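These are the residues of each chain, in order.
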Amino acid sequence: MHEYSTQELMIIAAARQINDGERIFVGMRLPITAYGVARLTHAPNAVGLFESGVARYEPAEDMLYTMCDGPNQLGAAWTTGLIQIMGLLSGGRVHAGFIGGAEIDRFANINTSYIGDFENPTTKLPGSGGAPDIAAMAERLIVIINHQKHRLVEKVDFITSPGYLTGGDARKKAGLPGGGPSVVITDRAILRPHGPENELHLASVHPGHTVEEVIENTSWELKSTPDLGETPAPTKDELDALHRIDKEGFWRS
Amino acid sequence: MPDGASIVLGAALENAIPFAATHELIRQGKCDLNVVAPISDISTDMMIGTGCVAEVTGAWVGNVSGGMGHNFRRATEHGEPHPIKVHDYSNFTIGMAFFAGAYGLPYVPVKSILGSDIIKSNPQIKLAENPFVDEPDPVALVPALKPDVAFLVVQRADRAGNSHIWGSTGLTQEASIASEKIIVLADEIVEPEVIASDPSRVLIPGFGVNAVCHIPAASHPSPLIGRWKRDNAFFHHYHQETREPDGFKRWVGEWVRDLPDHDAYRTKLGGELEELRVEGEAFSAPANYATD
Numbered sequence: 001m002h003e004y005s006t007q008e009l010m011i012i013a014a015a016r017q018i019n020d021g022e023r024i025f026v027g028m029r030l031p032i033t034a035y036g037v038a039r040l041t042h043a044p045n046a047v048g049l050f051e052s053g054v055a056r057y058e059p060a061e062d063m064l065y066t067m068c069d070g071p072n073q074l075g076a077a078w079t080t081g082l083i084q085i086m087g088l089l090s091g092g093r094v095h096a097g098f099i100g101g102a103e104i105d106r107f108a109n110i111n112t113s114y115i116g117d118f119e120n121p122t123t124k125l126p127g128s129g130g131a132p133d134i135a136a137m138a139e140r141l142i143v144i145i146n147h148q149k150h151r152l153v154e155k156v157d158f159i160t161s162p163g164y165l166t167g168g169d170a171r172k173k174a175g176l177p178g179g180g181p182s183v184v185i186t187d188r189a190i191l192r193p194h195g196p197e198n199e200l201h202l203a204s205v206h207p208g209h210t211v212e213e214v215i216e217n218t219s220w221e222l223k224s225t226p227d228l229g230e231t232p233a234p235t236k237d238e239l240d241a242l243h244r245i246d247k248e249g250f251w252r253s
Numbered sequence: 001m002p003d004g005a006s007i008v009l010g011a012a013l014e015n016a017i018p019f020a021a022t023h024e025l026i027r028q029g030k031c032d033l034n035v036v037a038p039i040s041d042i043s044t045d046m047m048i049g050t051g052c053v054a055e056v057t058g059a060w061v062g063n064v065s066g067g068m069g070h071n072f073r074r075a076t077e078h079g080e081p082h083p084i085k086v087h088d089y090s091n092f093t094i095g096m097a098f099f100a101g102a103y104g105l106p107y108v109p110v111k112s113i114l115g116s117d118i119i120k121s122n123p124q125i126k127l128a129e130n131p132f133v134d135e136p137d138p139v140a141l142v143p144a145l146k147p148d149v150a151f152l153v154v155q156r157a158d159r160a161g162n163s164h165i166w167g168s169t170g171l172t173q174e175a176s177i178a179s180e181k182i183i184v185l186a187d188e189i190v191e192p193e194v195i196a197s198d199p200s201r202v203l204i205p206g207f208g209v210n211a212v213c214h215i216p217a218a219s220h221p222s223p224l225i226g227r228w229k230r231d232n233a234f235f236h237h238y239h240q241e242t243r244e245p246d247g248f249k250r251w252v253g254e255w256v257r258d259l260p261d262h263d264a265y266r267t268k269l270g271g272e273l274e275e276l277r278v279e280g281e282a283f284s285a286p287a288n289y290a291t292d
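Respectively, the protein sequence lines represent chains A and B.
The first sequence begins at 1 in our numbering and counts up by one.
The second sequence begins at 1 in our numbering and counts up by one.
It is possible that some hints are incorrect.
Examples of chain A residues lying across from chain B (beta carbon under 10 Å, computed) [as the list claims (entries may be wrong)]: (1) T66; (2) V156; (3) L165.
Simulated from the structure, these hints should not be mistaken for lab results.
Just so we're clear, the structure is a prediction, and the values are computed from it rather than from any experiment.
Cβ atoms here follow ideal geometry from the backbone N, Cα and C, with glycine treated the same way.
Throw the hints in and build the complete structure from the sequences for me.
Encoded structure:
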């Protein structure tokens, strides 16, 4: 057994969602590290896209605070405009994208806009950025969120980024071209849409966590997929790749 | 620039934000502004905190590396210092709204906002059916945005406003062309031959520019590629200091109102600014434009 933190497990679980040769909307923080791990292990030909107008092969060498920082531009495959990069999405040329959120519901709709009524909110969150565009247009959506009861809710107050809307074929009827959320990675488990309703089901529980604990921290009545198991622990190769990227050990604790 | 104007304070997202212009608008006490930008980091939050903003048109308002924008929250949750109207967009839809504004289209049909409640919170965006197919095919119609003034930061410009930009540009080109007036904040003023030597690097030609100002480090604390690194500590400090309205008042006094201009701001930053200057060299290969 190798030692690893929960965050490291999440990064490696996220890296496994990236297939070789795919074009991925990366975003910042955890997903950008996951992208780097995927490039160093099973997906050496993946391409990373940043909505500010950057496409990269290799992840940036230095720490990034925003996707517009110098290290993300040096040695890029393409520095251009937002419309050019997000146009790849709109044109159906992006395989998957990562997004996070404050709230997600049983049909994987995501809220980053308003808690409460949007006309008179109790909390105003920063907003959408490019997340709705990614959620609508990417072939697959990979969601990263902390697993707490107030975050995994029955119904979000505001759908910033659409998942399966009211379930079933609602997403398709709304005219959304992208395939929708394929996986939700939390700090306790992995959830996936399952069945004709596309409701999020528990697909695997991270080592050291229990099904009961996951259910307790989810607001809707969480069902399991037929093949429910344990999230596979990181391999030595995956952890080695992560440690090569995370030189300072930012994700280790 | 009149009160009540709609203004673009940078549209590159998180780099090249014209903070020098943000500060000057605050000093001049312009009011009832509509701040139009996809993101523009804490520039929008500080404008809101001074009470000079009536409306925000954009996709994201906060402190990119710090988290929530405290002034934005106070205004939207408690109406402090006064209520503001927020016009929600996603990054791509505001981009296409600028695109429509820039190129004379009344609206652009987009797919990427379908299913989002932004269509409810922003009644400017309307649902329609694609008239070119027989089966149901919903689209969202995003009307043109035409701001009054766009401020942008460039690495170098000549006196006529012909400007070179390199690095990612977000929506800078579309937002600028869509705007009635363009004001360029140049890190360096160069001879016209320098700009003319590489016309492919021109994002905005001088004939579209209304004014060019020579303001080194105009984008501080945001980065300018090849010139200035991002001042992460400054963003963090702003986040800490502006948690309460009194803290914001102190901050905006110290860093904006009590300083006469951006020269004084640079002097106040002193050695801290010098440490952010890009000293390294990673030049591109020259491009040959010869004709024979």
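Going through the hints against the structure:
| no. | hint | result |
| --- | --- | --- |
| 1 | T66 | holds (4 Å) |
| 2 | V156 | holds (9 Å) |
| 3 | L165 | holds (6 Å) |
Hint compliance for this structure: every hint is met.
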